[in-house]
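Participant: What follows is each chain in one-letter form.
Number of protein chains: 2
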Amino acid sequence: MDLWVTEYQTPALGFSCKSSETLRIEKTPFQDLAVVVTEQFGKMLLLDGMVMTTDCDEFVYHEMIAMVALNSHPDPRKVLIIGGGDGGALREVVRHPKVDKGVLVEIDARVVQASRDFFPQLACSFSDPKAELIIADGIKYIKEHKNEFDVILVDSTEPVGPAVALFSPEFYQSCFEALKEDGMLAVQSESPFFNSEVIQMVYGGISRCFPLTDLYLANVPTYPSGLWSFTVGSKKFDPQTIRSLSNQPLKYYNESIHKAAFNLPNFVKEIIGLDV
Amino acid sequence: MDLWVTEYQTPALGFSCKSSETLRIEKTPFQDLAVVVTEQFGKMLLLDGMVMTTDCDEFVYHEMIAMVALNSHPDPRKVLIIGGGDGGALREVVRHPKVDKGVLVEIDARVVQASRDFFPQLACSFSDPKAELIIADGIKYIKEHKNEFDVILVDSTEPVGPAVALFSPEFYQSCFEALKEDGMLAVQSESPFFNSEVIQMVYGGISRCFPLTDLYLANVPTYPSGLWSFTVGSKKFDPQTIRSLSNQPLKYYNESIHKAAFNLPNFVKEIIGLDV
Numbered sequence: 001m002d003l004w005v006t007e008y009q010t011p012a013l014g015f016s017c018k019s020s021e022t023l024r025i026e027k028t029p030f031q032d033l034a035v036v037v038t039e040q041f042g043k044m045l046l047l048d049g050m051v052m053t054t055d056c057d058e059f060v061y062h063e064m065i066a067m068v069a070l071n072s073h074p075d076p077r078k079v080l081i082i083g084g085g086d087g088g089a090l091r092e093v094v095r096h097p098k099v100d101k102g103v104l105v106e107i108d109a110r111v112v113q114a115s116r117d118f119f120p121q122l123a124c125s126f127s128d129p130k131a132e133l134i135i136a137d138g139i140k141y142i143k144e145h146k147n148e149f150d151v152i153l154v155d156s157t158e159p160v161g162p163a164v165a166l167f168s169p170e171f172y173q174s175c176f177e178a179l180k181e182d183g184m185l186a187v188q189s190e191s192p193f194f195n196s197e198v199i200q201m202v203y204g205g206i207s208r209c210f211p212l213t214d215l216y217l218a219n220v221p222t223y224p225s226g227l228w229s230f231t232v233g234s235k236k237f238d239p240q241t242i243r244s245l246s247n248q249p250l251k252y253y254n255e256s257i258h259k260a261a262f263n264l265p266n267f268v269k270e271i272i273g274l275d276v
Numbered sequence: 001m002d003l004w005v006t007e008y009q010t011p012a013l014g015f016s017c018k019s020s021e022t023l024r025i026e027k028t029p030f031q032d033l034a035v036v037v038t039e040q041f042g043k044m045l046l047l048d049g050m051v052m053t054t055d056c057d058e059f060v061y062h063e064m065i066a067m068v069a070l071n072s073h074p075d076p077r078k079v080l081i082i083g084g085g086d087g088g089a090l091r092e093v094v095r096h097p098k099v100d101k102g103v104l105v106e107i108d109a110r111v112v113q114a115s116r117d118f119f120p121q122l123a124c125s126f127s128d129p130k131a132e133l134i135i136a137d138g139i140k141y142i143k144e145h146k147n148e149f150d151v152i153l154v155d156s157t158e159p160v161g162p163a164v165a166l167f168s169p170e171f172y173q174s175c176f177e178a179l180k181e182d183g184m185l186a187v188q189s190e191s192p193f194f195n196s197e198v199i200q201m202v203y204g205g206i207s208r209c210f211p212l213t214d215l216y217l218a219n220v221p222t223y224p225s226g227l228w229s230f231t232v233g234s235k236k237f238d239p240q241t242i243r244s245l246s247n248q249p250l251k252y253y254n255e256s257i258h259k260a261a262f263n264l265p266n267f268v269k270e271i272i273g274l275d276v
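Protein sequence lines correspond, in order, to chains D and G.
If you're matching positions, the first sequence starts at 1 in UniProt numbering and goes up one per residue.
If you're matching positions, the second sequence starts at 1 in UniProt numbering and goes up one per residue.
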């Protein structure tokens, strides 16, 4: 008998994986959490029915949310991650040779626990000497920190449930204030094919706070449409220019991908109001 | 009541679209053909259960299979398309200002008919004065033509059913011989995430015939993993360099996408044996 786990990526589009085992299913104080074993992608973490990460393709998202800002900032010593409780983005941060400290602020301790229990290749980051794990509301945390971080990464779920406030202009202003005078923010900003209004909201919100705003793309097969966007806000440094050392070895990111990721298809340029 | 059409992109991965209507379902002499109306992507053409094209994302595949070779060849006057019976690649070819003649050789007349009946934005190409439509076996056709074409595009299905021979070294040698002395071949070569062995077969086969071989990528949300590869074989001209005029306007392709598409993630470089 085949068991299938289906994410409805939109109300009209289902993404179904053959599954051999359900490792965890629970209601946390913040969301529904599940970990299943899929034949196609290995272990898969879902929150509120949406695929967050899998063994087989986690490298794309985690490398690409972290490495672009880390490598375009000349001296990314202190890095803050909001969300990202699986630890994957933190893994890339603490591996970076210039980083002294990676602080991860996750609201839901059960996400961290699921990662510790089932995703050792992600959760390994929590025990790194450079890492600090804080279970707290990222919105509140960031308001209490000013002029402190070189890079901030926002590794959120979609703008539903606990993540809604992470897509607001007020939050981006708080990020701006928590960054040092040459700091850089990178956030996941959904699919250009399915979520153009989210991209416009994020790009517009960050543009209103930061002098430099830019969008880049990566290919995540378990995310809706397979094409994912990230938006960078920078106070000083052009995020398209590489200035610091790379982690090695990586599976997706390299120097030419860093630059190529900012080259947008015409329909994506149109979403953010750029000339085609 | 919701009706759903599911493509099993792999034996362990289903891609399901909510569907309001089945416009056609038939067994042609070569394959199973269906046209359905989906809520997410508009009308969708399926062959042997695999999504071939949809109203909403056809632009990516058709622009990207055609424009890279057309724009890197300095004088693409005579172009041959093998397969591509929906007419989408032919549309891009005959719109190109340097093209005098676009010949399409499709084995299955019922694919052409389905396009004429349901995809007018693709089938419009058949009535272009530059276009010639031939219903014939592409393998046989290409063996009978030598030193004739500037560019050949192979717009095939997956290497199952009638398309198997379109992935063979003998076929690439026939393409080489059908091209003029500075000609260029571009073929669809499947997903780097799911079909690495197909990419190796295509890249290896083309490399054995052509002095220049290169791989480039594009994002097609209705194809497995959303990331799709194309392989170019060239007798003389570097396919990464733009030499002739572009079609305008386009929805995906632009000059920076042309160059960026050749920048490969490390795991894709490894598939084709390039240093990372």
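Just so you know, these hints were derived from the structure itself, not from any lab.
It is possible that part of the hints are untrue.
[As the list claims (entries may be wrong)] Chain G regions said to be covered by chain D (calculated; three or more residues, Cβ under 8 Å):
id : region
1  : 11-21
2  : 201-212
[Unchecked claim] Label-pair ranges, simulated between beta-carbon atoms:
id : chain 1 : residue 1 : chain 2 : residue 2 : range
3  : G       : T22       : D       : E197      : 26 to 34 Å
4  : G       : E255      : D       : Q121      : 35 to 43 Å
5  : G       : Y8        : D       : K235      : 47 to 55 Å
All C-beta atoms in this analysis are idealised placements derived from N, C-alpha and C, irrespective of residue type, glycine included.
Participant: Does the structure break any of the earlier hints, and which numbers would those be?
Facilitator: Those not satisfied come down to hint 2.
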